[in-house]
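> Full structure from sequences and hints, please.
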Amino acid sequence: MLARVQALVREQIGPQAEQVGREDVFARDTFRLLAAEGVIATAFPRSLGGTGASMLLRVRIIEELARACSTAASLVTGTDLSSRPIVAGGSDALCSAVVPKLASGEQQAAFALTEPGAGSDLAGLQATARRDGGHYVLNGTKKFITRAGVADMYVVVARLADGPAGSKGLSAFLVPRASAGISVSPTIPKMGWNGVPIAQVYFNEVAVPVENRLGEEGQGMALAQDTLVRARIGHAAIALGRMSGALQIAAQYADVRQVFGRAEGEHQGIQWMLADMGARIEAARCLVYACAQRYDRQDPDTSIHASIAKMHSTDLCMKVVVDCLQLLGGNGYLKAYPLERFMRDAKMNQIGEGTSEVHKNLIGRYLMKTAAAMPRHPCLDLEPDLFGAA
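Using this note's numbering, the first residue of the sequence shown is number 400, and each one after it goes up by one.
Everything labelled a hint here was simulated from the structure, so no lab data went into it. Take the hints with a grain of salt, since some may be wrong.
What the hints assert, rightly or not - Ranges between beta-carbon positions, derived for each pair: (1) 519 - 431: 45 to 51 Å; (2) 563 - 783: 44 to 50 Å; (3) 445 - 563: 26 to 32 Å; (4) 754 - 584: 48 to 54 Å; (5) 699 - 523: 22 to 28 Å; (6) 530 - 750: 57 to 63 Å; (7) 588 - 500: 29 to 35 Å; (8) 577 - 670: 37 to 43 Å; (9) 445 - 699: 24 to 30 Å; (10) 529 - 431: 17 to 23 Å; (11) 414 - 750: 27 to 33 Å; (12) 529 - 422: 38 to 44 Å; (13) 662 - 520: 48 to 54 Å.
We treat Cβ as the ideally placed atom computed from N, Cα and C, and that holds for glycine.
If you want it as structure tokens, here you go:
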């Protein structure tokens, strides 16, 4: 599978990446290609029409796609983001009816989580679900929803109207797009990441069968968190691939660009710049791969390592892409060269599925909690005798 993806990037996805990224309309041809090649199916278990790929293999596939085209990579990660709550929380009957069509690419889902007043703070979600006999009735607005305009169904996290406050009152539902009371805004213009448009989705007295609830009542936060762990690893993989591609572009450019009578890459300052980026990228690769292996082993601390990998890789990607663009000089600023597209796309990875600042908070709290549970360090004396005996 990995070798086939590398060939697709060389022969089709890479050469078409500039055109795909030119206009923010859904990259349907790219999606169909990935579906036909079985890449979309890597997000799903074999029992439901998928390939049962490990997280490590998926990370490497996403990395290869992102070396040339963020859109192609995000079609893979976005499919997982929108489908994971169904796989993890749907009944056997619901999964059997829906998931094989998602795995084949015949249908698509969208993950309707974020709201105008609640992004990183999921406990602040205000969309409501009211139980009415054999249905739930949904009301609310969801913002920044990827694939909102092309999805056949939405995974919606909403607050139970008579449930407890905070995250314990959240539940998840699978809502068919054709349900009465759903409307979708026009595409919201954005800085980059073209080919995967976003929009707002409005739910007005939308009836959802009880059978379409994902998990039990009150499990919406748990399903969202489970999904976001996978999504954060995906963001880290996209960032890893993009900055690897940016470094390749910069090094190949420096090899032929003549400056002061010799190739730009022969100047020590440029070599040091490339070396620093290359070493940091390789360290990030070790971090992301290790996180994927933790996920595959089902390590209990995978969530915090996903935050570490996501924060580190996406922040580093932004720096590397900017530095590579700088190395190209004026040409780097032109749309005829790919790095200005890489730079616009890189910012999204620092924001989506938890900003870098949110992940720093999570990591900081984890480190404080971990340290507090450990025996005091043998070299630490909290009340040292600074002046000696009197």
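> Hints the structure violates: just list their numbers, smallest first.
Violated hints: 1, 3, 4, 6, 8 and 10; rest satisfied.
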